[in-house]
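Novice: Given chain A's structure and the hints, the job is docking chain B onto it.
As you go down the protein sequences, you meet chains A and B in turn.
All residue numbers for the first sequence refer to this note's numbering, where the first residue is 1 and numbers rise by one.
All residue numbers for the second sequence refer to this note's numbering, where the first residue is 1001 and numbers rise by one.
By construction, these hints were calculated from the structure, which means they are not laboratory data.
Where is the CB? At the ideal position from N, CA and C, for every residue including glycine.
It cannot be assumed that every hint is accurate.
Computed Cβ-Cβ distance ranges for the label pairs, DEER-style [what the hints assert, rightly or not]: (1) A:P212 <-> B:R1011: 56 to 62 angstroms; (2) B:F1329 <-> A:R288: 49 to 55 angstroms; (3) B:P1426 <-> A:P212: 35 to 41 angstroms; (4) A:S91 <-> B:L1355: 42 to 48 angstroms; (5) B:H1470 <-> A:A94: 50 to 56 angstroms; (6) B:T1272 <-> A:H96: 37 to 43 angstroms; (7) B:D1467 <-> A:A349: 54 to 60 angstroms; (8) B:P1426 <-> A:R463: 36 to 42 angstroms; (9) A:S91 <-> B:R1463: 35 to 41 angstroms; (10) A:Q46 <-> B:G1123: 50 to 56 angstroms; (11) B:E1023 <-> A:Q292: 53 to 59 angstroms.
Here is what each chain is made of, one letter per residue.
Protein chains: 2
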Amino acid sequence: MTKKSQLARLRRNLGDAVSTSDEDLARCSLDSARLPFRPDAVVRPQTDDQLQKLLVLANDMRVPLTPRGAGSATTGAVSPVKGGWVLDMTSWDAIHIDATAGMAHVGAGAVTKKINDAAEAKGWFYPPDPSSLKYCTIGGNIATNAGGLRGAKYGVTRDYIYALEGFLPTGEPVRWGAPLKKFASGFNLRDLWIGSEGMLGVVTRATLKLIPKPQARWTCLAAFQNETQALRAVKKLLAARVVPSILEFLDRQSVDCAQRRRGAPFFPKLKTCSLLLLELDGHPAAVRESKQIVQALFKERALGSRNTTDPEKAETLWEARRTCSQAMFQMGDTKLNEDIVVPIQSYEALLRYTLELKKETGLATPTFGHVADGNFHVHLMYDHGDPDQCTRAEVGLQKLMEKVVELGGAITGEHGIGLAKSPFMPLQHTKGEIAAMQRIKDALDPNGILNPGKMFDEFIMWRHPRDYAHTFPWDHR
Amino acid sequence: MTKKSQLARLRRNLGDAVSTSDEDLARCSLDSARLPFRPDAVVRPQTDDQLQKLLVLANDMRVPLTPRGAGSATTGAVSPVKGGWVLDMTSWDAIHIDATAGMAHVGAGAVTKKINDAAEAKGWFYPPDPSSLKYCTIGGNIATNAGGLRGAKYGVTRDYIYALEGFLPTGEPVRWGAPLKKFASGFNLRDLWIGSEGMLGVVTRATLKLIPKPQARWTCLAAFQNETQALRAVKKLLAARVVPSILEFLDRQSVDCAQRRRGAPFFPKLKTCSLLLLELDGHPAAVRESKQIVQALFKERALGSRNTTDPEKAETLWEARRTCSQAMFQMGDTKLNEDIVVPIQSYEALLRYTLELKKETGLATPTFGHVADGNFHVHLMYDHGDPDQCTRAEVGLQKLMEKVVELGGAITGEHGIGLAKSPFMPLQHTKGEIAAMQRIKDALDPNGILNPGKMFDEFIMWRHPRDYAHTFPWDHR
Chain A
1 MTKKSQLARL
11 RRNLGDAVST
21 SDEDLARCSL
31 DSARLPFRPD
41 AVVRPQTDDQ
51 LQKLLVLAND
61 MRVPLTPRGA
71 GSATTGAVSP
81 VKGGWVLDMT
91 SWDAIHIDAT
101 AGMAHVGAGA
111 VTKKINDAAE
121 AKGWFYPPDP
131 SSLKYCTIGG
141 NIATNAGGLR
151 GAKYGVTRDY
161 IYALEGFLPT
171 GEPVRWGAPL
181 KKFASGFNLR
191 DLWIGSEGML
201 GVVTRATLKL
211 IPKPQARWTC
221 LAAFQNETQA
231 LRAVKKLLAA
241 RVVPSILEFL
251 DRQSVDCAQR
261 RRGAPFFPKL
271 KTCSLLLLEL
281 DGHPAAVRES
291 KQIVQALFKE
301 RALGSRNTTD
311 PEKAETLWEA
321 RRTCSQAMFQ
331 MGDTKLNEDI
341 VVPIQSYEAL
351 LRYTLELKKE
361 TGLATPTFGH
371 VADGNFHVHL
381 MYDHGDPDQC
391 TRAEVGLQKL
401 MEKVVELGGA
411 ITGEHGIGLA
421 KSPFMPLQHT
431 KGEIAAMQRI
441 KDALDPNGIL
451 NPGKMFDEFI
461 MWRHPRDYAH
471 TFPWDHR
Chain B
1001 MTKKSQLARL
1011 RRNLGDAVST
1021 SDEDLARCSL
1031 DSARLPFRPD
1041 AVVRPQTDDQ
1051 LQKLLVLAND
1061 MRVPLTPRGA
1071 GSATTGAVSP
1081 VKGGWVLDMT
1091 SWDAIHIDAT
1101 AGMAHVGAGA
1111 VTKKINDAAE
1121 AKGWFYPPDP
1131 SSLKYCTIGG
1141 NIATNAGGLR
1151 GAKYGVTRDY
1161 IYALEGFLPT
1171 GEPVRWGAPL
1181 KKFASGFNLR
1191 DLWIGSEGML
1201 GVVTRATLKL
1211 IPKPQARWTC
1221 LAAFQNETQA
1231 LRAVKKLLAA
1241 RVVPSILEFL
1251 DRQSVDCAQR
1261 RRGAPFFPKL
1271 KTCSLLLLEL
1281 DGHPAAVRES
1291 KQIVQALFKE
1301 RALGSRNTTD
1311 PEKAETLWEA
1321 RRTCSQAMFQ
1331 MGDTKLNEDI
1341 VVPIQSYEAL
1351 LRYTLELKKE
1361 TGLATPTFGH
1371 VADGNFHVHL
1381 MYDHGDPDQC
1391 TRAEVGLQKL
1401 MEKVVELGGA
1411 ITGEHGIGLA
1421 KSPFMPLQHT
1431 KGEIAAMQRI
1441 KDALDPNGIL
1451 NPGKMFDEFI
1461 MWRHPRDYAH
1471 TFPWDHR
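The shape of chain A in the complex, shown without the other chains (with noise of 0.2 angstroms):
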């Protein structure tokens, strides 16, 4: 069957939701990596039983189908590289809070962080936030069970999902857990569905854990000699069962890039530094009992602290960490943002392992973190129009993937595998390991339509061409 019949069966059975507009096709064949493989048609079913056909069609001709939210996703998971069809599922957007059970019912395109403001308005919480919150989807966040600042103390996306309804990738409906608080019936392929990257299913509606909102918060931020020196002090906190609600470590490569955008260092008298950005939340006398031991740590052991209980003059605590990742760009037009997982035994020599990579590669390396999970972005920077750099980048990555898991780490710890991270997946899993993932999948997707060429077929990204050009609504450099 042509491409074009397969298009106008599409259309018999599902009308208006078929766009095959330019602009559609363009948007839909790319993700925060840039990786653009355009889609054949981009579809945007309006109820339960178009979705069903859509994905019933799709089983039929054995077209590929991509679903997609906000397209923030930094691996590449959402690329349609295998062509065929898009699922746009944004327009899934409803947002229902239950203040008396303490839960969220929501579509799958509901953006995260209006989930948060429906929520907050109620006197609830919901914790995960992924930087991209305000624009990436709750589908998307599920699909690669999305973490964010807040995960050592308040854990991810899996920790706050009691129920998803969906569709096998087969067409058949299914609700997975349900809108309770506990379940223990039959075997949980709701947390399955949870980080497979839109391969086993797709979520149309799914029911959140809310948490009371915390009613005081202290925010802290402390400067260090360098790097060994800053998580020598968050071993002694975490140590000392201290659980901040946010604690951000910035490397020196990552103070200084935002200290040269600012024109001026964070602190007057430091000429460069490496920062912990910590926040407590809670009862207000928790948070000043914790926050006595804080401040004697790093009264201790800081060069300098200034804190606030403030949310205005908070926000000037956060500059450092919020405008690091876009001044990066100084060194070098293109980053790969490794959101990688080290065992808190092996933070320092992770860091030192970066500054070996510096050197070795003569790229960038600055490195920020949630650092009280031990989940470190490593950044390596380098110009994509020199041949030369993309050798070292690509030699560097595939270094330091490897260092991690010597470390006892993980690959990727809240953005998932996609495209970018497929080479290492061997790195992570043993054969016996990936062959059991293949068979869920095929046992689950017998015809393989659903987000096909992902995680398990090796993608050599420096092979393919990349669209520097578009521009994301989270672009702001």
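Specialist: Leaving out everything else, chain B in the frame of chain A:
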């Protein structure tokens, strides 16, 4: 191949790890559901290598293999219903606390209470507390995603698992997740294993999440005129976003049982009542604040209440809750304990229904439960020697399950399906959902050797003899 030659081959390969003693075969023939099926052998592998050999042999000769911990399952989940061999994991009981990382590395056979004791000795806390915690193993907790009293505040077993190590049914060694606080690589088979009742793999070791031990605790017992009054107070409390660490509800039938055993009412002036047992924990100031809300509410709505911060006095407040379960045997020598869940909007309707059911069946239906998460234990008491009572219990159970699903609830919140709840799977799940679960079972266990006959095969327990004589370590009638 005869059973005898299968056994001979097993012995050649696993030697001393194999037992066919009468004692072992009897002990491993059943769990707390008392549905005995005698296995041909009990195997206690001492090493990973031996365990792998066992799985390879079982596949090669197509011998059913049923993994087992302490046997405190309440559903027949570890009864070797298809015969074959039982895999006894109780000797895999290592416990190592990593106080720096806040993790416990444990063997599948480690007893849950011993894990918590070891954690507490280092200032950490492992919250899941199934009522069998002095006896049950973490492997069994993982297999059923065991809950407990602290679920609504602290979550269930699934919420405290970082990594699982073990074997696929076909014998490949695997690790799902990692001893890390974040992990987003590949499909989430870790959580698929959790709650899969030993049907998708064998867990050998787990890495558990620990949290800081709460500093303060306040316990309160409050009496209400009836179930409706108690449940309305619960609704008010939860809508005020109070998050008790424990909130146990006891209906009048449960209270009456405990009072008859005790020979006196819990509140001298109240012949009968419904009870709420509430614990708050956390920072002392946070506890004080919530306490005020609780006390104001109970003052308005309860007929009486008593409270304490003293652990020894608290134990006296726990008397009704601790004794009611065994005291129910006054009303029948056999108990169905149904761990159902309903949404907060249906609490009162459920309790009205237990009274209807009592009238209809003529059997006692005492009900208590973890009311902050809607996980009620509805009991049906009957004499197993009385065929008429058995029939009424069977009919009553079916009706209860239908009602629970009609109310938007779950047929099990923490016990799982096993044999006893298998007839109700089609009430809870659609054919499409069950077929997807079965495809996953087939994908991971193509020869169907691991804990076969559970969950998906309808098992009518009323047609099978039960072993009422067997004494378990947790029997305290």
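Novice: So, for every hint listed, does it hold in this structure?
Specialist: Status of each hint after checking the structure:
1. For the pair P212 of chain A and R1011 of chain B, the beta carbons lie near 59 angstroms from each other, so the given range of 56 to 62 angstroms is met.
2. Take F1329 of chain B and R288 of chain A: their Cβ atoms lie about 50 angstroms apart, and the range 49 to 55 angstroms holds.
3. P1426 of chain B and P212 of chain A have their C-beta atoms about 38 angstroms apart, which keeps the hinted 35 to 41 angstroms range intact.
4. Distance hint check for S91 of chain A and L1355 of chain B: the Cβ-Cβ separation is about 46 angstroms, which falls inside the suggested range of 42 to 48 angstroms.
5. The supplied range of 50 to 56 angstroms is met by H1470 of chain B and A94 of chain A, whose beta-carbon atoms lie about 53 angstroms from each other.
6. Between T1272 of chain B and H96 of chain A the CB atoms are about 40 angstroms apart, so this pair conforms to the stated range of 37 to 43 angstroms.
7. Range check, D1467 of chain B to A349 of chain A: about 56 angstroms between beta-carbon atoms, so the 54 to 60 angstroms window is met.
8. As the Cβ distance of P1426 of chain B to R463 of chain A is approximately 50 angstroms, the hint placing it in 36 to 42 angstroms is violated.
9. About 52 angstroms separates the C-beta atoms of S91 of chain A and R1463 of chain B, a value inconsistent with the hinted range of 35 to 41 angstroms.
10. A C-beta distance of roughly 54 angstroms is found between Q46 of chain A and G1123 of chain B, which places it inside the suggested range of 50 to 56 angstroms.
11. In this structure the supplied range 53 to 59 angstroms holds for E1023 of chain B paired with Q292 of chain A, their Cβ-Cβ distance being about 58 angstroms.
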